[in-house]
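With these hints in hand, go ahead and build the complete structure from the sequences.
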Amino acid sequence: MSASDPRKRWEEEFAKSRLRDDPERFITVSGEEVPAIRGPEDVPIDHDRDLGYPGQFPFTRGIHPTLYRGKLWTMRQFAGFGTARDTNARYKYLLANGQTGLSVAFDLPTLMGYDSDATFAEGEVGKCGVAVASLDDMMVLFDGIPMGEVSTSMTINGPAAVLWAFYIAAAQARGVPSTALRGTVQNDILKEYIAQKEFIFPPHPSMRIITDMMAFGAAEVPQWNTISISGYHIREAGSTAVQELAFTLADGFAYVEAGIAAGMDVDTFAPRLSHFFNSHLDFFEEIAKYRAARRIWAKRMRDKYGAKSPRSWVLRFHTQTAGCSLTEQQPENNIVRTAFQAMAAVLGGTQSLHTNSMDETLALPSEKAVKIALRTQQVLAHETGVPYVMDPLGGSWYVEWLTNRMEEEAEKYFRKIDELGGVIRGIEEGFFQREIARSAYEYQKALEKEERVVVGVNRFKEADEKLEIPLLYIDESAEVEQRKRLAALRARRGDVGGVLSAIRAAARGSANLMVPLIAAAKAGATLGEIVTALKDVFGEYREPAEF
Amino acid sequence: MKLLADFLAGGVPALARAITLVENGTERGREILEAIHSRTGRAWRIGVTGPPGAGKSTLVAALTEAAAGAGRSVGIVAVDPSSPFTGGALLGDRIRMHEAATHPGVFIRSMASRGELGGLAPTTQEVADLLDAAGKDPVILETVGAGQAEVEVAQAADTTLVVLSPESGDAVQTMKAGIMEIADIYVLNKADREGAPRLAIEIESMLDARPGEHAWRPPVLQTVANEGRGVPELLDAIDRHRAFLEGSGRLGERRRRRLVRRIVALVNAAITERLLSDRVRVERMVELVQKGEKSPRKAAGEILTELGS
Amino acid sequence: MGAKIRILICKPGLDGHDRGAKVVASTLRDAGFEVIYTGLRQSPEMIVRDAIQEDVDAIGLSVHSGAHLTIFRRVTELLAKEGVHHVLVTGGGIIPDQDLPKLVEMGVGRLFRPGTKSEEYIAYLRDEVDRRRREREAAEV
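Chains as they are written, first to last, in the numbering used here: chain A, -7 to 539; chain B, 19 to 327; chain C, 3 to 143.
Treat the hints as calculated values from the structure; they're not laboratory data. Be a bit skeptical, because a hint or two may be false.
The calculated BS3-like cross-link candidates involving lysine-lysine, where the alpha carbons are at most 25 angstroms apart (straight line), are [stated by the list, open to error]:
1. K104(C) <-> K458(A)
2. K453(A) <-> K441(A)
3. K119(C) <-> K458(A)
4. K363(A) <-> K84(A)
5. K441(A) <-> K291(A)
6. K291(A) <-> K408(A)
7. K441(A) <-> K104(C)
8. K20(B) <-> K119(C)
9. K6(C) <-> K20(B)
10. K437(A) <-> K453(A)
11. K476(A) <-> K441(A)
12. K63(A) <-> K84(A)
13. K6(C) <-> K119(C)
14. K458(A) <-> K363(A)
15. K119(C) <-> K453(A)
16. K437(A) <-> K104(C)
17. K404(A) <-> K296(A)
18. K437(A) <-> K6(C)
19. K527(A) <-> K514(A)
20. K296(A) <-> K453(A)
21. K360(A) <-> K84(A)
22. K441(A) <-> K63(A)
In structure tokens:
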């Protein structure tokens, strides 16, 4: 290259120039150095081989030929609090305001497989989500909602099979057949061990429950996504974007391998696997992450796992904006953060989206805050023009360079995980937990040194900040009501000893667990009773905490 | 002293407080040690060490559950390194001991190595004395077998376990002879994993190759501590080792050697402390050595004589 | 400064979000504290038992689940029942302003929200532990 080479000339001029004097560093949210510019010489790509037009392998530019011109993303706000009756009212409000799918947030006792009247549940009933301890509660939660029409996502993992059984039984009680049900159970237990820590059973029996659900879904509930392979929580726990990408896909491959090992044809279950990613603040890094995810998934599914159906190759995903990016200080600013994150998700080609409410670091979202969050998506969809064109950032040298790098870095992690002996071994040895904890600590240190600026927190602070938004306050009344409901249920129903024994027998053997679980749901067995029966056989998991 | 009275009455907070006072090297701590010394020597002391990741804490928890289930009142000291840069420490052993901790009589104490003058081993011994005097039996001392100081802690026990896992195979190859030679019992944990049989054979052949006569051949036991597998057999092996030491009269000899090491270490620490608090004396001697008037050895000898007077 | 400050850090209740607790534990270690980290799902009984056995100066609880009133009440009551008065009970998480008076009444120390600079809670812990140690030693002698 000669001195007249434009790139060289620019580099020289850049090196001579004065840059602004500020502790703020030019790093992504993940702590990666951001180059000042990228040019064509940085990105050796072949459009048709590495990107493909939307709907074409390897799907970097999108999974569907029409993308948002064919169907807008599903606007799906995660909601749940108090009793099933309280949350049912919120669902009706969201549907009335134009939301197109439901997403159930359960309370902690439910997530951990305890009944609302268990000792462990004290003080936690209805606090972080809705309490659902029986088929009865599920019936109330979906009262007046057309279960055969609306698609429902349930964020449930440890006891996912039980809650799914409640849902299927509730629909059947309404005369809606399983074949008509559409929705998702999160059911991604690996990321629970890695990040969110709401696990119940040890990894191996947990994987068995999941393969039972995959097989049952393929046969009986064909429109249901039996796992939503989730990076969201990995990111919230403090990972970098690359770690989110790599660990999530590694988990996904572990489920694929488990399905194949259980004797299933990959093309029968792979199309029902969906993904769930975070959208954090680093705009381009996030977009590159989604594009890289599609490409990696497609290549592996076709080339490594031998999937024949293009439906097995495509990575469909839900996105939630990053809860961990929100600040308690000047909470109204969170509306702006969320809007940028939502735009990144749409530019990355998401299939559905949850936008966080501004008050989520303070409490569960109030009705007003949740409406603004939904309106953010509607403005994005209908006013900005962003979704009119497909993959508008495809061919951007910076974005393509980042996409390539994301893929390379993820591949390095895949090799590392293989060396460790796979995902479950990595979990048992605390590998993922250690990587994430380290990233979280690095992030915090950068914040404290002001290498990273967060508006309202370490810069542009307000001395006498007053909270000017109304908050949703959840008292203990849900707990009181749930105790009464459960007592009434236990008095009303017949003996459940038989259905619980059937669950234990299936757990010990190899029969599909979903069948006795649905029978137990119909007989009025509670979540806690069913989970206890499963614990009798499977035991409980204790985590190795790592720093 | 009220604290001593509470300690002798079996108070848990008093035991915990006494440990802090001893760990901090306070005068009150020393008084308590004097007062309880006659009550020590009853507990069986088990040292547990091995490379990081071998599953020591989980094994200690499983041992504790088994012993506590048999009605014994177990005391545990779990030592983790302090940061040499900040002096802080993150002590996480309790995480793996939640269930064990629920048994009545079980007392667990996390200790940072601190790198203080007195040396880690003597302080740990003193903490073990407190647990012993408080009626804990067995007393388990757990350390990461990373440095000499940590190995000494485990070695200062009646029965020393060296815990390995199949993943520590490489570690065994390169491990300092120190840690492999102190074992009375080898525990091959995570024995359900690939590589366990091979490592067991390696250890056995290492034992075969030991020079000289040995009255006790350390058994190589396989455990899966998080499922409790192999733990009853481990307890049996500890009992057998105890019977061997007691039956052969070696226990007294072993404990005597331990005391020798302990007293020497304390003397060393005391001398070092006095030297550091009297730098002028040292500096004066250094000057003479630099001028060529004395050899370093002679200077040291004179300092010792002066300190002794 | 006197002997090392010992602090118990854990996650009470069912919530598994341990990012904050772990970051604080690492930060305190790097500030020279001895941190006893006991992990997830700690009941008030476990917390108090561990605090006593470890003879800690302070307990730091991380609560994001909305169960803070129940948890802090039980921990402070159990400590009082065991006759332990010198241990500072502090923590952080998502805690609405309207609950603060009740927590103060229980004897809970300052609570720190997400976004707090570490130097702020480190200074608070040093001062408060120092004061409580002097009181404790005066009472013991």
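Verification of the hints:
1. In summary, the hint linking K104(C) to K458(A) is supported, as the alpha carbons are separated by about 21 angstroms, within the 25 angstroms threshold.
2. Distance check on the hinted pair: K453(A) and K441(A) sit about 16 angstroms apart at the alpha-carbon level, within 25 angstroms; holds.
3. Restraint check: the Cα-Cα separation between K119(C) and K458(A) comes to about 19 angstroms, which is no more than 25 angstroms; the hinted pair holds.
4. Annotation: proposed proximity of K363(A) to K84(A) holds, straight-line Cα distance about 13 angstroms (limit 25 angstroms).
5. About 41 angstroms separates the Cα atoms of K441(A) and K291(A), which puts this hinted pair outside 25 angstroms; it is violated.
6. For the hint linking K291(A) to K408(A), the alpha-carbon distance of about 19 angstroms falls within 25 angstroms, and the restraint holds.
7. Annotation: proposed proximity of K441(A) to K104(C) is violated, straight-line Cα distance about 35 angstroms (limit 25 angstroms).
8. Only pairs whose Cα atoms come within 25 angstroms are accepted, and K20(B) paired with K119(C) is rejected, the gap being roughly 41 angstroms.
9. Between K6(C) and K20(B), the direct Cα distance comes to roughly 24 angstroms. Compliance with the 25 angstroms bound is thereby established for this hinted pair.
10. The straight-line distance between the Cα atoms of K437(A) and K453(A) is roughly 19 angstroms, inside the 25 angstroms bound, and the hint therefore holds.
11. About 52 angstroms separates the Cα atoms of K476(A) and K441(A), which puts this hinted pair outside 25 angstroms; it is violated.
12. For the given pair, K63(A) sits about 23 angstroms from K84(A) by alpha-carbon distance, which is consistent with the 25 angstroms threshold.
13. A distance of roughly 22 angstroms separates the Cα atoms of K6(C) and K119(C); the hinted pair therefore holds under the 25 angstroms criterion.
14. In summary, the hint linking K458(A) to K363(A) is supported, as the alpha carbons are separated by about 22 angstroms, within the 25 angstroms threshold.
15. Proposed proximity of K119(C) and K453(A) is supported: the alpha carbons are some 13 angstroms apart, at most 25 angstroms.
16. Between K437(A) and K104(C), the direct Cα distance comes to roughly 33 angstroms. Violation of the 25 angstroms bound is thereby established for this hinted pair.
17. Between K404(A) and K296(A) the alpha-carbon distance is near 17 angstroms, which keeps this suggested pair within the 25 angstroms criterion.
18. Taking the CA atoms of K437(A) and K6(C), the gap is near 23 angstroms; set against the 25 angstroms cutoff, the hint holds.
19. Of the supplied pair hints, the one linking K527(A) and K514(A) holds, its CA atoms being roughly 20 angstroms apart against a limit of 25 angstroms.
20. Our distance criterion of 25 angstroms between C-alpha atoms is broken by K296(A) and K453(A), whose separation comes to about 52 angstroms.
21. With a CA separation close to 15 angstroms, the supplied pair K360(A) and K84(A) stays within the 25 angstroms bound.
22. As the CA atoms of K441(A) and K63(A) are separated by approximately 45 angstroms, the hinted pair breaks the 25 angstroms bound.
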